[in-house]
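> Sequence:
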Amino acid sequence: MSSQQSNQDNATNWIILEDVGRPGVCTLYGPFSNAGECRESEANVFANIIRRLQPAADENGKGVEYHAEVVCAMEQLYINPNSKQFLSVFLTDERVFEPRQLSISFKQGFQKDTAAAMRILAAGEDLGKYKSEKELGNWLEIYSVSVRIHVLPWVKGMAKKEFNEDYLTDKTWRCNQYLEADTSWFDFEGNIEVFTNKEEAVAFAKSFAGNEEPNTPLSRLGNGVDRVLYEIPTGVAESPWKLITIDYDFIDKNTRVDWERI
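Under the numbering used here, the first residue of the sequence shown carries the number 144, and numbering increases by one thereafter.
What the hints contain is simulated information worked out from the structure, not anything from laboratory work.
This structure is a prediction, so every number in the text was calculated from the model and none was measured.
Think of the CB as a built atom: it goes at the ideal place given N, C-alpha and C, for glycine as much as any other residue.
Check before you lean on any hint, since a few could be wrong.
As the list claims (entries may be wrong) - Mimicking BS3-like on lysine-lysine, the simulated pairs with C-alpha atoms at most 30 Å apart in a straight line are:
1) 341 <-> 299
2) 255 <-> 299
3) 250 <-> 341
4) 314 <-> 304
5) 314 <-> 396
6) 396 <-> 274
7) 314 <-> 272
8) 272 <-> 299
Said to hold, decoys possible - Distance ranges between label pairs, derived from CB positions:
9) 319 <-> 350: 17 to 27 Å
10) 351 <-> 255: 35 to 45 Å
11) 206 <-> 376: 45 to 55 Å
12) 304 <-> 332: 42 to 52 Å
13) 377 <-> 208: 15 to 25 Å
14) 323 <-> 351: 29 to 39 Å
15) 308 <-> 225: 18 to 28 Å
16) 253 <-> 191: 35 to 45 Å
17) 168 <-> 223: 18 to 28 Å
18) 191 <-> 379: 20 to 30 Å
19) 308 <-> 191: 25 to 35 Å
20) 225 <-> 403: 45 to 55 Å
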């Protein structure tokens, strides 16, 4: 096995679903295993999620066709993880597919322990040591760490909307706004790394955050708080901050997370 193939077998995938006509408007679904033996089943899990978003396809007898289109797009992403693939949108009134209206692409992570847990999850086997102690059933607790950039234009817009002239110095206000925001306003920098261990996720986030403090005590993450973020000064006037976020979620074989806000 080549090192490239080995890396991909140890990858996890977040899938970015974007509206082609409205660049930047997107939802993330995941994570999914990228291991070779799991790809077919994971593609079908994602296709089922997307198919539920297009009920008109089933209503007009196109559900199976649409499902196959999503799976085919996923297969192409497996071949070229850095590519972007396109999906149709089913229009109820016209009863036709409108091609290339949605795009999907991968944001990957490469944590071997998480990859091992995701293999078990995708196979539908008992999670054993990875099984959540908080939820009944075969649920996996995950902590996803991501870096977000290009925050300033959005902050300026919210400050104008809420008549906040102190937005450049009011970090508490900014952090509250980030937590209520839509992910479509922020670009990712690098991978989205997924961990099954909170301490490892926090250590990874702190490697970016340095001495900055999170917006809420880390002890609350997974105990009533699902998202913790750090705002990091960049020293760049056009983009003075970037965000480090740690997201806490549960997934099982057929249920994944969708992010529509930061």
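> It remains to establish, for every hint, whether it holds in the given structure.
Structure-based check of each hint:
Between the alpha carbons of residue 341 and residue 299 the distance comes to roughly 33 Å, so the proposed pair goes past 30 Å and is violated. Our distance criterion of 30 Å between C-alpha atoms is broken by residue 255 and residue 299, whose separation comes to about 40 Å. Pair hint residue 250 plus residue 341 holds up; C-alpha atoms about 21 Å apart against a cutoff of 30 Å. Of the pairs offered as hints, the one joining residue 314 and residue 304 holds, with about 17 Å between alpha carbons and a cut-off of 30 Å not exceeded.
The hinted pair formed by residue 314 and residue 396 fails the criterion: a straight-line CA distance of about 39 Å is larger than 30 Å. About 12 Å separates the Cα atoms of residue 396 and residue 274, which keeps this hinted pair within 30 Å; it holds. For the hint pairing residue 314 with residue 272, the CA-to-CA distance comes to about 39 Å; that exceeds 30 Å, so the pair is violated. Restraint check for residue 272 and residue 299: the C-alpha separation of about 46 Å exceeds 30 Å, so the hint is violated.
Distance hint check for residue 319 and residue 350: the Cβ-Cβ separation is about 25 Å, which falls inside the suggested range of 17 to 27 Å. As the Cβ distance of residue 351 to residue 255 is approximately 20 Å, the hint placing it in 35 to 45 Å is violated. About 49 Å separates the C-beta atoms of residue 206 and residue 376, a value consistent with the hinted range of 45 to 55 Å. The given range of 42 to 52 Å is broken by residue 304 and residue 332, whose C-beta atoms sit roughly 26 Å from each other.
For the pair residue 377 and residue 208, the beta carbons lie near 47 Å from each other, so the given range of 15 to 25 Å is not met. The given range of 29 to 39 Å is broken by residue 323 and residue 351, whose C-beta atoms sit roughly 23 Å from each other. For residue 308 and residue 225, the hinted distance range of 18 to 28 Å is not satisfied, since their beta carbons lie about 43 Å from each other. The hinted window of 35 to 45 Å between residue 253 and residue 191 is violated, with their beta carbons roughly 26 Å apart.
Hint check: residue 168 to residue 223, Cβ distance near 24 Å, so the stated range 18 to 28 Å holds. For the pair residue 191 and residue 379, the beta carbons lie near 42 Å from each other, so the given range of 20 to 30 Å is not met. Checking the proposed 25 to 35 Å range against residue 308 and residue 191 shows it is violated: the Cβ atoms sit about 48 Å from each other. As the Cβ distance of residue 225 to residue 403 is approximately 24 Å, the hint placing it in 45 to 55 Å is violated.
Of the hints listed earlier, those the structure fails to meet are numbers 1, 2, 5, 7, 8, 10, 12, 13, 14, 15, 16, 18, 19 and 20, in rising order.
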